[in-house]
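The task is simple: from the sequences and hints, build the whole structure.
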Amino acid sequence: DNISIEVNLDKPVAIDKGLRFAIREGGRTIGSGIITEILE
Numbered sequence: 001d002n003i004s005i006e007v008n009l010d011k012p013v014a015i016d017k018g019l020r021f022a023i024r025e026g027g028r029t030i031g032s033g034i035i036t037e038i039l040e
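Oh and the sequence shown: position 34 is 34 in the working numbering, straight run, nothing missing.
Please keep in mind that the hints were generated in silico from the structure rather than gathered at the bench.
The C-beta atom is built at its ideal place from N, Cα and C for all residues, glycine as well.
Warning: the hint list may mix true and false statements.
Label-pair distances were calculated between CB atoms; the ranges are [stated by the list, open to error]:
1) D1 to E40: 25 to 31 Å
2) I38 to N2: 16 to 22 Å
3) N8 to S32: 16 to 22 Å
4) G33 to K11: 15 to 21 Å
5) V7 to R28: 26 to 32 Å
6) T29 to L9: 18 to 24 Å
Shown next, in the form of structure tokens:
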């Protein structure tokens, strides 16, 4: 499955386009993805 999301972070985080990330909940990975665009 594919999905597009926009996320607002509460704290500054060093990220770059192309960076891979994982979304975890309760010690389990529930999603993963790649940064495709950085909005200012």
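Do the hints match the structure? See the list:
For D1 and E40, the Cβ-Cβ distance of about 29 Å falls inside the hinted range of 25 to 31 Å, so the restraint holds. Remark: the range hint 16 to 22 Å for I38 to N2 is upheld by a beta-carbon distance near 19 Å. Judged by the Cβ atoms, the range 16 to 22 Å given for N8 and S32 holds: they are separated by roughly 19 Å. Taken as a hint, the range 15 to 21 Å holds for the pair G33 and K11, whose Cβ atoms sit roughly 19 Å apart.
Taking the beta carbon of each, V7 and R28 are about 19 Å apart, not inside 26 to 32 Å as hinted. In this structure, T29 and L9 meet the distance hint of 18 to 24 Å, their C-beta atoms being roughly 19 Å apart.
Going down the numbered hints, you'll see the structure goes against just number 5.
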